[in-house]
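> Sequence:
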Amino acid sequence: MYLGLSIDNSVINAAILNDGGDFVWQDSHSLDHDKMSNLLEICGSLVANAATAHPDLSQSIAVSAQGGFIGQPSPPDGLKCLAGADLKANLQASLGRAVALASPGQALALYESRFGAAKDSAVACALYLDNHVFGGVTFGQKLWRGANRTVGAWGHTPLAWPVPHELDGRDCWCGRKGCLDCFLSLGGLETEYHNITQTRLDIKAIAAAADASDLVASSVLQVLDDRIGRTTAMIINMFDPDVIILGGRLAGLDRLYQNVPRKWPGYLLVERNETKLQKANQDAFTLAKGTACLATDPAI
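So for the sequence shown, our numbering puts the first residue at 1; every next one is plus one.
Among these hints, one or two may not hold up.
[As the list claims (entries may be wrong)] Keeping only pairs whose Cα atoms sit at most 30 Å apart, straight-line, the calculated DSS-like set for lysine-lysine is:
no., residue 1, residue 2
1, K276, K204
2, K142, K279
3, K142, K119
4, K88, K142
5, K276, K119
6, K142, K35
7, K204, K279
8, K279, K177
9, K263, K204
10, K279, K119
11, K204, K177
12, K88, K35
Keep in mind the hints are simulated off the structure, nothing from the lab.
Only a predicted model underlies this, so the values are computations on that prediction, with no experimental measurement involved.
Required output: the full structure, derived from the provided sequences and hints.
Here it is in structure tokens:
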């Protein structure tokens, strides 16, 4: 039995994967306070509940989070307790268990490679487009992590083939300018709309306005289509995956799966493209299930 935890700003989700490849337990707990002590207490409670439900639970667990990776910056709108923290060391000391950390994009990629749109793919890439941009790459059903465990960190690469106005300085929380996170995150999209209209709308409201023939909302979403098209074309040229999976709240825009592939021909190195674009599973426990898959890896 293998346990995965997914830490979000307001909730921690948990899921157990058994040796037969079935998810047999899941639970969640809200985060009451943005303090490391509170986070560790809730993680401990979820692990204890999991072990009670399944006494043969593995001693190793896996956790996905947006921050708490030693030596890497954490999003300023994420949990403050993870900024500058060594989450892995804190969890291992608190739980008395071996812990592997993964980004949301890596967790998404691993889940989709085993149970979702990439389960029959030799090579698959994932883009997690939510408050921030994360990614992951799988070969078969195995997550490619790399020497520094940062494979898929597309959120902090430059926007591909930028047009002149996109080269204007956009400060990213990583300390650089012009990162994909500035363009393809929820905040990036909402800021784009606000800069034109001086009105603050969330993604659902912008999509509804576009459906109601709001020209500005439609234009903002068309630009998003193009930027994701350029980004995914760059990924195809680099990795030539069988499938690219989009997850997170931005991935809920159904228009992307028609419009984005139409952007590829001008950027790809091949005349006939075989890569598919697919929507990830939208289950609230998908990331916890992906980290449970990581927990099965004896190398953690």
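> Next, verify each hint and record whether it holds.
Evaluation of the provided hints:
1. A threshold of 30 Å between alpha carbons decides the hint, and for K276 with K204 the separation of about 25 Å falls inside it, so the pair holds.
2. Straight-line distance between C-alpha atoms of K142 and K279 comes to about 20 Å, which keeps the hinted pair within the 30 Å bound.
3. The hinted pair formed by K142 and K119 meets the criterion: a straight-line CA distance of about 11 Å does not exceed 30 Å.
4. Under the criterion of a C-alpha separation no larger than 30 Å, the hint pairing K88 with K142 is consistent with the structure, at around 21 Å.
5. With a CA separation close to 13 Å, the supplied pair K276 and K119 stays within the 30 Å bound.
6. Note on K142 and K35: the hinted pairing is violated, with a Cα-Cα distance of about 33 Å set against a maximum of 30 Å.
7. Simply put, K204 and K279 have alpha-carbon atoms about 17 Å apart, close enough for the 30 Å limit, and the pair holds.
8. For the given pair, K279 sits about 29 Å from K177 by alpha-carbon distance, which is consistent with the 30 Å threshold.
9. Annotation: proposed proximity of K263 to K204 holds, straight-line Cα distance about 24 Å (limit 30 Å).
10. With a CA separation close to 13 Å, the supplied pair K279 and K119 stays within the 30 Å bound.
11. Using a Cα cut-off of 30 Å, the hinted pair K204 and K177 holds, with the two alpha carbons roughly 27 Å apart.
12. Pair hint K88 plus K35 holds up; C-alpha atoms about 15 Å apart against a cutoff of 30 Å.
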